[in-house]
Amino acid sequence: MTQNQIHDPLVIAGRTFRSRLFLGTAGYPSQKTMLNAVKASGTEMATASIRRIDLSGAAETLVDVLDDRIHFLPNTAGCQTAHDAVLTAELAREALGTNWIKVEVIGDRELLYPDTEELLRATTELVNRGFVVLPYCTDDPIACRKLADAGASAVMPLGSPIGSGLGISNPHMIEMIASRSSVPVVLDAGIGTASDAALAMELGCSAVLLNTAVSRANDPVSMAAAMKHAVEGGRLAYLAGRIPKRRNAEASSPQLGLIEA
Amino acid sequence: MTQVEVRVNGQPELLSDKTVAALLARHDIDVDTKGVAVALNGVVLPRARWTETPLDADDRIEIVHARQGG
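Residue numbers (the UniProt record's numbering), protein chains in the order written: chain A, 1 to 261; chain B, 1 to 70.
In case anyone wonders, no lab produced these hints; they're calculated from the structure.
Just so it is clear, the structure is predicted and the values come from calculations on it, not from any experiment.
Take the hints with a grain of salt, since some may be wrong.
Chain B stretches covered by chain A per the calculated footprint, using a threshold of three residues with CB under 8 Å from any CB of chain A [what the hints assert, rightly or not]:
| # | segment |
| --- | --- |
| 1 | 2-11 |
| 2 | 30-37 |
| 3 | 44-51 |
| 4 | 63-70 |
Keeping only pairs whose Cα atoms sit at most 25 Å apart, straight-line, the calculated DSS-like set for lysine-lysine is [as the list claims (entries may be wrong)]:
| # | chain 1 | residue 1 | chain 2 | residue 2 |
| --- | --- | --- | --- | --- |
| 5 | A | 32 | A | 228 |
| 6 | B | 18 | B | 34 |
| 7 | A | 39 | A | 228 |
| 8 | B | 34 | A | 32 |
| 9 | B | 18 | A | 39 |
For every residue, glycine included, the Cβ atom is placed at its ideal position computed from N, Cα and C.
Looking at chain B on its own, in the form it has when it is part of the complex (with noise of 0.2 Å):
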């Protein structure tokens, strides 16, 4: 199977099932977690369309959740 590289959090990673959830699921992170949200490319990618949607090449997501703050 081929893989793309694309970049989580500023980091390279190297992906073979080429959707968002499954990404995440590397990361313990699925539908139900909670706090949790993703930008795919600069745009908020709402958990509804987690499983549906495909990563390319060079994808930027960002996986973030709420931290201590002022």
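So that you can see chain A by itself, here it is in the shape it has in the complex (with noise of 0.2 Å):
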């Protein structure tokens, strides 16, 4: 590890961590695969859903089986109304013991975008509560910035349809919102494969949230190691300055004392 990463840890509401890929939990071919890309990401923080528990029978709970020094991101997946969050939210504190919550209010479930009306009237009023609240939200400035107005302390813009491994549609605003906003960005949803999570970082983005990208490929642990080194790349790479892009070529050899021929 780099002396730049020692000391570049990425701080959200206090908490401190030195992985800036969030990894999800959903969709792995197996339980032991999915514990084995949790490890070989590094991450510090994974994404958990609220659900029923199946009455015909106990089935284990994520708390049972990931490692305790990982740290629990419920979500609010599958919700279409700022109530419908709010609960969510508080059946995830009570259950995982912790105020973080990764809200999202979707407006179409086949599209899975987030209704930004409901979005930050859910934000708004966990704030209130006393919860930690990542909204998962629409690549536009101007929803990152009353989000981030209304208490939340990161923002998570989609890069493209969550699942859909299309990477970033829109770099340029995600570009921008890093730039603008005054909390941390996570870019969440549509990354495809390592470069997308590196375009992200070098951006300016703080954090990657990736599931699909890791959970569905062929080996979901090799890809798992692959975001890791991604987002550790493209970071050192933002924090190194990339050349500006400039339209002629320019010799990198040095141009004095080319023989005669």
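Two chains, two separate frames, one set of hints: put the complex together.
Shown next as structure tokens:
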């Protein structure tokens, strides 16, 4: 690990993270693969959903299997109203003993696209109730600003639709959001492969949250490791500062002392 | 003993012992069970109040836990 990484922790709501990768726990071929992927990713925070227990038999809850050094970030996935999101967050706080919540309020079950109006309402209410709120939102700098102003501890704009693997559809807007945001920006949703995660970090995002790109890869554990390196590489590149793009070539070898043929 | 019908995770269930704790015990859940939360009629019921909270006919109980998620 380099000096830069050691001295470059991410802080959200007073909690320090060495890893800038947050990982989802859904859709892996097996629980063992999920646990190995979590380990390989180096993540310190993993997402979870809150669902009804199966009354016909006790299924293992995520709490029983996940390393207790990993923080939970419960989500409100599937909620379509602020009211449902708030109740889900309250249930998550009771079940997991964490006041951190990824607030997801979708406006359409097929697009899984955030409903900004309901999201802002849920964020405001949950901040009032003492939650650390990380809203999953559109790549809209005004929505991000309003969410931050409402007390969100980070904003999590989408790169492209959930599970699509399309990468970052509008990198200019993500860069704009990251450069203007008063709170950390976590690129959430749409990552397809390692270069997408690296790009998010190069654009100035503070962290990346992804799930499907790892869980549905042919080899989820290797992809988790790839994402770890991509996020680290992208962050270092961002800190190092990329060269400006230019229209013409500029020789990298010295132009003096050329031989004459 | 009279019974009441409540709805547990959307399913009807008949109860004789009409407390939340007794209902949960039927599903192998007690106050020490990790990772579980209960809502009664749309409001979270903290586990410290499971024992004392009575149930009435048509009450809606949700029992949830943390699952895989993104």
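So, going through the hints one by one against the coordinates:
no.: 1; hint: 2-11; in the structure: holds (count 4)
no.: 2; hint: 30-37; in the structure: holds (count 4)
no.: 3; hint: 44-51; in the structure: holds (count 3)
no.: 4; hint: 63-70; in the structure: holds (count 8)
no.: 5; hint: 32/A x 228/A; in the structure: 19 Å, holds
no.: 6; hint: 18/B x 34/B; in the structure: 23 Å, holds
no.: 7; hint: 39/A x 228/A; in the structure: 10 Å, holds
no.: 8; hint: 34/B x 32/A; in the structure: 21 Å, holds
no.: 9; hint: 18/B x 39/A; in the structure: 45 Å, violated
Of the numbered hints given earlier, the model fails hint 9 alone.
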